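**Q** Chain by chain, the residues run as shown.
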Amino acid sequence: MGEKMDLLQGTLDLLILKTLALEDMHGWGIAQRIQQVSRDVLQVQQGSLYPALHRLEQQGWISADWRASENNRRAKYYALTRTGRRHLERETAEWRGFSSAVQQVLQTS
Amino acid sequence: MTNWRAAVRKMAALFRRRDLDRQLDDELRFHIERETERNVGAGIPPDEARRRALLEFGGVEQVKEEVRDSERFTWLEWLLQDVRFALRMLRKNPGFTTVAIITLALGIGANTAIFNVVNAVLLNRLPFKDPDRLVVLQEATSSNRGFGISAPNFEDYGRQQTTFADLSMWAQQSVNLTGGERPERVTGSFVSANFFRLLGVEPARGRFFLPGEDRPEAQRVTIISYSTWQTRFGGDPNIIGRQLILNGEPKTVVGILPQNFLRGELILAETDVYLSIRDYPNYKDERAAKNQLVVGRLKPGVSTKAAAADLNVITQRLARDYPDENSGIHIELTPVKELQVESVRPALLILLAAVSLVLLIACANLANLLLARGAARAREIAIRSAIGASRSRIVRQLVSESIVVSLLGGAAGLFLAWWGLEALLKVNPVALPVNPVGLDLRVLLFAVVLSISTGILFGIVPALQLTRTGVAGFLSSGGRSTSGAVQRRIRSAFVVCQIALSVVLLIGAGLLVRSFQSLLSVQPGFRTDNLLTMEYRLPRNIYTTPEKQWGFHRRMLEEVRQVPGVVAAGLIQGLPFSGNGGRIGTWPAEQSTPEKGKEPTALSNLVDPEYFNAVGLPILLGRNFNDHDTSDAPTTVVINQTLARKYWPGQDPIGRELRFPETVVAAAGVNRPARATVIGVVPDTRQFAVKDPFEPQVYFAYAQVTGIFGTLVVRTATDDPMSLSEDVRKAVWKVDKDQPVWKVRTVEMLIERNIAPDRFVMLLMGLFGVLALVLTAVGTYGVISFGVTQRTQEIGVRMALGATPGSILKLVMNGGVLLVGIGGVLGLMGAFAATRAMTTLLFGVSPSDPATFAGVVIVLAMVALFATYLPARRATRVDPMVALRYE
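Just so you know, the protein sequences line up as chains A and B, in that order. Numbering follows our numbering, with no gaps: position 8 of the first sequence is 8. Numbering follows our numbering, with no gaps: position 846 of the second sequence is 846.
It is worth saying that the hints were derived from the structure and are not from the lab. Being a predicted model, the structure only gives us computed values, none of them experimental. Any given hint could turn out to be false.
To be verified - Covered, in the sense of this in silico footprint (three residues per stretch, anywhere, with C-beta under 8 Å from a C-beta of chain B), are these stretches of chain A:
1. 22 to 31
2. 49 to 62
3. 71 to 85
Stated by the list, open to error - Only part of the chain B face toward chain A is listed, based on derived beta-carbon distances under 8 Å:
4. Phe30
5. Glu35
6. Ser390
7. Ile394
Built from N, CA and C at the ideal position, the CB exists for glycine as well.
For reference, chain A alone in the conformation it holds in the complex (with noise of 0.2 Å):
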């Protein structure tokens, strides 16, 4: 039960650096990005967010501010780091190449 969690909680990350790789976002919009990409397979409580992005913040790879949002209220925006965009292109290389060898043990079995 631990490893699928940490297994989630690694997914997690990576989906919101990949949405802040976009473009900046608040916590909100990236739940609705997370849900759109993922069609709504992955079942993640939207507020299962929050620990994610503080958490991530701390690490150093998402900063974050307080804007106006598309109706000019304030929201916290986050934008991804030059860490964090480090982090994100190594931790996709990797997951291409595991995602491939496993293509190539399919292919071959």
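Use these hints to put chain B onto chain A, whose structure you have.
**A** Positioned in the frame of chain A, the structure of chain B alone reads:
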């Protein structure tokens, strides 16, 4: 940079809890609102929309808890992790750890020691209520600063002033304590009845003076100090109500001062007994008797300037109403705080600056050390970066290592400071205003804060440098740091700074050494060897007439001269270097009387005829006092060369007349005559400090102008004058068994006491200078040596291509010479500017003394070049074959 912002925010999270909570609240609320809006937009009624939004979100409070937990927990966890890791790294590198701890112990320890003294002397609050409001009042003229204030004047000030809440008189003098085994002398302070109430202190036991207890008819009481109660009276629980015989009169002890009152002494001598101002032997109800100081408490909100202005209006009125005594007078106000510390402040501040430089030099060494070690740690850092640690994380962990080792060094330094200061004071005892060798919470805090700051200071640059290259950079360069050039420049820059700072420090120390040398070479003006001295004061109520007083002096001297081992004995009122001495206005009779308050002054003294012989002062012109100079005969004086040259340059002063102001009452409380004839000239002597210039001086004879205070001066046959002290004392008591003598010491001890502070400062600065030199030499050696190691391949190639050992030597040393050159020039420029601040400490040498500057440059150059030469020589021994294979 954004990483740093996050790191700082985490630290701040602890303090900004409420603010962050509110922000989190806002953020989650925004989310719920948007989700609700979306639902409404999809056609769901508002209430239902909100309910679904909350459901979709999950538990809001839960989420908040989770976020808060992650922040708090992470911060603390990382701190512990860092500390544990740092300790492990330090244990794995005992060499570095030892060097670092020793260096830091020296640097931080020295700083803590000096700060300890600064804290005790400059920063500690006096044990009075609102001590900033307390000032000391003195009268002064333009030519003579610092009279006391007479009792009638004091009354007038009290009645007419508007800026003070309270005023009190105060005088200090030694007091005879009799009735015990032997007569003793204690230090007494004579004060008005409101003195302690003005200061705002409460008695530890009993009571203080009652209002009106300083009137002539009041019962005479005394208040004693805490330490007197403990040491002299053994902490006697029944001391209150006991009677002491002070100056021949019985006084009842009614109160004891609190223990911490010592620190509040307005002059550096501790007072044993407090008596009413009326008991002051020099107290006179005459306007001319300016014998008392006045302490005042300013009203809240009143500045010293405003008070001085108000008082000077009164002095003008007094000058108008009583011109004889008060012409030309103005009021000088000195805050009580400044009284204690003015003399030592410049020396302490300079020492503080010097010791900070030593710490900076040490930091540079450690930073370079870390950079050099960085090459070995590059692999570890790269791996950690690859795992996913952000740069700020790694930097923070590296800096934690520096802070941890710095705290360890600081702890060692604390011990060093405490032990070192005690040792230094034993070698060179110096009367510091307070005992600084105790440990204060503020000093402890200082040591901790300094340790942490030092750790950050020397750790930050290497940490940033070492984490500059990421994994990719490390792998591609095969383990060698690609930013080697940058690092080399940083290391060189550190060495240049070290050399510059060392130059400044060494020049400062060198100037102080030369200053002390010229101090030692100063002639006091008389023979200072084999001189035993002691002071005494005759009680006025027993020795009521001048005849009786002179009778005692004369008989006492006769008895003392009978003591075996005594070569000569004389009497003087203010012995040079004893701290006693007075001035008097005087001018040649043929000149017109100068304006009141603007009379030229000379040092004034009382002697017996044998004094000059006893201290080895020959009569240069004219004659000494003799039996004809009695109280019936016209007053005669002996003057010194400076006075003769000042008033009768190029002429014979013998037979000339000096005039004195009519109604000035001198310190001993005896009227000086209005005119006197010069009968002799003696060489100049210095009166208060070895550093003083020669001043004009006039000597009166005890037989003619008598006084109750005397300093006995005995020249002994033996080299150890103190061995005769008991015999001499017994001789005094043969004349009056109740007459105490005190301050039994030799003149050499007095002079030593005079110059001890200068020697103390010089020794400390010298120590710092040597420390700085050693650190710089080590640092220079380290950097050049490391450079050679790094360039081993290059050197091997050169040698393989035919370079001679000599050219390799030159190659390496050129680098060193360049560093020394730049550092030296910067240091000289810095020294020119910095030594200007030392002028107050210097004696007989200018702040830009070329000999010192040149000397320091030569010494430093030699040391630094030697430090460069050693690794350079190693470079010439490089085997090209080995070097080329070196990877």
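**Q** If any of the earlier hints don't hold here, list their numbers in rising order.
**A** 7
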